[in-house]
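Participant: In case you want the letters, here they are:
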Amino acid sequence: MSSEDPSDEAGEADRADEGNGVDDPIGNGGEADEGADIPRRADQIACTERVLGTTPEAAIIANLGVASYALAGIEDRPRNFYCWGAMGLATSIGLGVALAIDDPVTVLEGDGSMCMSLGALSTVAACDPPNLAIVVWENGVYGTTGGQPVATVDIAGAARACGLAATTAETGAEFETGYAEAVAHEGAALVVCRVPPIDPDARPPLDSAHVARRFRDALTDGTEGAEGTVRGEWRDGGDQ
Amino acid sequence: MTWIDGVVSALQRNDVRRVAYLPDSALSGLIERVESNEPFEAVSLAREEHGVGLLSGAYLGGERGVLLCQSSGLATTINALSSLSKPTRIPFLAVVSRRGDLGEFNDAQVPFGYAVGDVLDDIGIRNRRLDVPETVERDVDLAAKSAFSTGEPYVLLLDATLTGAKDEF
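Quick note, the sequences are listed as chains A and B, same order.
Everything in the first sequence is counted per my numbering, starting at 880 for the first residue and increasing by one.
Everything in the second sequence is counted per my numbering, starting at 4 for the first residue and increasing by one.
Hints are computed from structural coordinates only; laboratory data are not their basis.
For clarity, every value in this text was computed on a predicted model and none was experimentally measured.
All C-beta atoms, glycine included, are put in the ideal place defined by N, C-alpha and C.
One or more hints might be untrue.
[To be verified] Residues on chain B that point at chain A, a partial pick, calculated with CB under 7 Å: (1) G56; (2) L57; (3) A61.
The shape of chain B in the complex, shown without the other chains:
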């Protein structure tokens, strides 16, 4: 099972239907899978922060969703996570490609990508780095269960060692 199969399987098992995303090369295979396959309903965003709003609204209407983006885009969601998701106790699930660490060629990706877990920890948002395919399905499944059971965000950070880094050295 590839890591993409694992994510898709875990999302389906948890009735996650609404997918909000921005394009990302590391997640492109996953995005193509959810764009074209039921039961997923994909929405292309203009900015990742809007995804927190859209998915929160979908949850209030009875749907479950997930945000797919890269770590630089997750950086735009910090206020939304802090001032919408947390105080309202609306669950939030994100599968994020984490830039800025092993294999990173672009220094614009380093400061937030490398520190994203620390930033999320500081604002009380649980997160976990995934770097081997074997645990992806289990971890996405359990993160989704916990997010929707506790009314808390959970962010899964997929390292480039899992998804494959851009080779621009």
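For reference, chain A alone in the conformation it holds in the complex:
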């Protein structure tokens, strides 16, 4: 996490050299790397754990592939929604959830999926729900198809160009700060987290309808707008 506030655009020039992500990560002190439990480069599993630790009640929408595998491997909670398809739509799904509920909503994107729908960030910025945080795991590859390279894009810069508060984190410590600031930000905010590629063994449930129902019930207590309740007239009169 860079030291600036997510809403501070004045620091953009400082990020021009962030491309290789190895030199002098800010705020990760020289001696802290030797045997410390915070790795020099951010780790996607550890950072996903930080997301859950920082916002334990958040509704989390995870992109297909590694973002979902990592999340499911840590905790398969009812407030997790995993994509098994629809690559490029995780942010749009998260925006819809954030507009509908007051609880915090977090999207776990990949860099490949984010690049597929960069335009969605303009809609996020226009709606700007304060309860939405978007995390982009930038591992530089399409992880579930064999590690083919993703085009190098300054995703935080693109998000800022869309009008969204956005930062980039290189280390676990930077991510922890950046994510907390994104959650606290008065509007929607995005955090890019640079991570090495990983290949988790865990998988989310394959029953997408079950996951969707479980997620919706967790967010609405199974009552708000659910079929058979609000639409009782139709249900009662229908021939099920």
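Mind docking chain B on chain A? Use the hints.
Facilitator: Same frame as chain A, but now just chain B:
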């Protein structure tokens, strides 16, 4: 009752609140109505496919929504409908202006617009063409009821003979 009145009435009756849309001249009167009137909350999209994601998310949060776009835009939603709406059983409702048939001047609109119903049939997505104002309210009402009751998408295709085609001949 105009076809626009019919759509608005049917959406309100079914508690459809969230409206995701891209501009479309044939639907412009409808879009203006929902943009400015409660209980509707309108969101302008960058791409129609995002609307499937946004409306699915809104449904997971307890809201009902509808996508308004033209058939060329619906073409961008095929993967989202197939790999999100269908397997998750998240309902989806769309009111789409169907280009490419009677009154079409632009050949770029013909291939998908003319075949949109066949494409949707092939991926198991129910759809219905509307071309007279008298049945619009009933059909949108019953499509919404069925979509939200069954957890299945329903796409209403409004022909240019209903909405009024661009006259650029």
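Participant: Please go over all the hints and tell whether each is borne out by the structure.
Facilitator: Quick rundown of the hints versus the structure:
1. G56: holds (3 Å)
2. L57: Where the cut-off is 7 Å and the nearest Cβ of chain A is about 4 Å from L57/B, the hint holds.
3. A61: It holds, given that the least Cβ distance between A61/B and chain A is near 4 Å, below 7 Å.
In the structure shown, no violation is registered for any of the earlier numbered hints.
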